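A.B. asks: Letter by letter, the chains look like this.
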Amino acid sequence: MAIAHIEEELVGKKGVVPKSEFKEGLALAQIMPGSTSTSLVAYLGYHLGGLAGAVVAISAFMLPAFIIMILLALGYLHFQNVSFVSSILKGLNAVVVALIIDALASLAKSTIKKKREGVIALLAFIALYFLKADLFLLIFLSGLLGLVFYVLEERG
Amino acid sequence: MKKRLKFLIYIFIAAVIALGISTPLLAKLNFAFLKIGAIVFGNGYTVIPFIQKEIVESYKWLTPEQFAVAIALCQVTPGPVIILATLVGFIAAGVLGALFATISILLPSAILIIILAKQHKRVKNLKSLQAFFGGVVASVIGMLAAIALSFGKANLVDFKTGALFAGALVGLVYLDIEPIYIVLASCIVSLFIF
Numbered sequence: 001m002a003i004a005h006i007e008e009e010l011v012g013k014k015g016v017v018p019k020s021e022f023k024e025g026l027a028l029a030q031i032m033p034g035s036t037s038t039s040l041v042a043y044l045g046y047h048l049g050g051l052a053g054a055v056v057a058i059s060a061f062m063l064p065a066f067i068i069m070i071l072l073a074l075g076y077l078h079f080q081n082v083s084f085v086s087s088i089l090k091g092l093n094a095v096v097v098a099l100i101i102d103a104l105a106s107l108a109k110s111t112i113k114k115k116r117e118g119v120i121a122l123l124a125f126i127a128l129y130f131l132k133a134d135l136f137l138l139i140f141l142s143g144l145l146g147l148v149f150y151v152l153e154e155r156g
Numbered sequence: 001m002k003k004r005l006k007f008l009i010y011i012f013i014a015a016v017i018a019l020g021i022s023t024p025l026l027a028k029l030n031f032a033f034l035k036i037g038a039i040v041f042g043n044g045y046t047v048i049p050f051i052q053k054e055i056v057e058s059y060k061w062l063t064p065e066q067f068a069v070a071i072a073l074c075q076v077t078p079g080p081v082i083i084l085a086t087l088v089g090f091i092a093a094g095v096l097g098a099l100f101a102t103i104s105i106l107l108p109s110a111i112l113i114i115i116l117a118k119q120h121k122r123v124k125n126l127k128s129l130q131a132f133f134g135g136v137v138a139s140v141i142g143m144l145a146a147i148a149l150s151f152g153k154a155n156l157v158d159f160k161t162g163a164l165f166a167g168a169l170v171g172l173v174y175l176d177i178e179p180i181y182i183v184l185a186s187c188i189v190s191l192f193i194f
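Chains A and B supply the protein sequences, listed in that same order.
Counting with my numbering, you get residues 1 to 156 for the letters of the first sequence.
Counting with my numbering, you get residues 1 to 194 for the letters of the second sequence.
Note that these hints are calculated values from the structure, not bench results.
Computed from a predicted model, the values in this text were never measured in an experiment.
All residues carry an ideal CB built from backbone N, CA and C; glycine is no exception.
Please note that a few of the clues may not be correct.
To be verified - Mimicking EDC-like on lysine to aspartate or glutamate, the simulated pairs with C-alpha atoms at most 16 Å apart in a straight line are:
no., chain 1, residue 1, chain 2, residue 2
1, A, Lys90, B, Glu65
2, B, Lys28, B, Glu57
3, B, Lys118, A, Glu21
4, B, Lys127, A, Glu153
5, A, Lys132, B, Glu54
6, B, Lys53, A, Asp134
7, B, Lys35, A, Asp134
Stated by the list, open to error - Computed spacing ranges between beta-carbons, pair by pair:
no., chain 1, residue 1, chain 2, residue 2, range
8, B, Val95, A, Val56, 13 to 23 Å
9, A, Lys113, B, Leu149, 20 to 30 Å
10, A, Phe84, B, Lys6, 52 to 62 Å
11, A, Gly49, B, Arg4, 17 to 27 Å
12, B, Lys35, A, Leu48, 39 to 49 Å
13, B, Ile111, A, Lys113, 24 to 34 Å
14, B, Leu191, A, Pro64, 23 to 33 Å
15, A, Gly49, B, Leu149, 38 to 48 Å
16, B, Ile13, A, Gln80, 29 to 39 Å
Whenever a hint applies, use it, and build me the whole structure from the sequences.
C.D. replies: In structure tokens:
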């Protein structure tokens, strides 16, 4: 959603970014580590105003959420022991399980296109849930496995 | 003029780094989020297993209950899930902690994309990078499943919590309702049933 907004503002209305530049930035932002929207904003900021442009763009992009989050956190820390708030929190603890499942479902929909991604996901589940494997090692090995599958496929 | 400006920018960066490692807590916070910042993908959900492991289990800056609330609050806040860093930083070390945690989680990917923005026309072999990161994101799906399972075991303890979970899941996955409305609705329902 944010990405459609960015395109509308910068490519459509203001016309400060050429469509081709936007597309290249988006492709790069999707592939590389980083949340797609913030990476895209950093890329476009850099394109428009160099390093300073990137810093300004990313700060401005994050500022509203930053302020809202601090206010929410203040409210939470202040009121967490009030009885009606603690009943809300009890409910949130249950709902969060659904939120995580929703996140993994949408991630799976966009990522698992072939059997190999499903295999990696299953292995990661086993490694974390039953073997309590180290996460960063797990990430690295999964990436490597993705690469191996790709190379094998290319060779036929 | 330009040289002077550059010099000032370097001084500023040095000052920020100095402030960032000025207390052991801030230094640890920054180190943790720089690490986590390198594995953010897509909408940022990939950070959830890492925050659970590093921040909740190792550093204990958040209790498991606070972590659950944090995930819910992220849904109420605009923007990507990396805003979790702001909340963790704030709870661990106040406003300064929030600021540094946010910068740290953004920094690795921002630096990477700026470097590539300069020369990505030369980066020919994007396909194999894509395959590598595809594997990374796939593994995060498995990790999220592991977390959902252990969270479910800990949090879904009776009929009421189970029913709330089931309702939220149907709304999110089948009816495709925005998470923020699910969170708000569940707050109201919780007031009556707990």
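A.B. asks: Name the hints, by number, that the structure is in violation of.
C.D. replies: Result: hint 12 breaks, nothing else.
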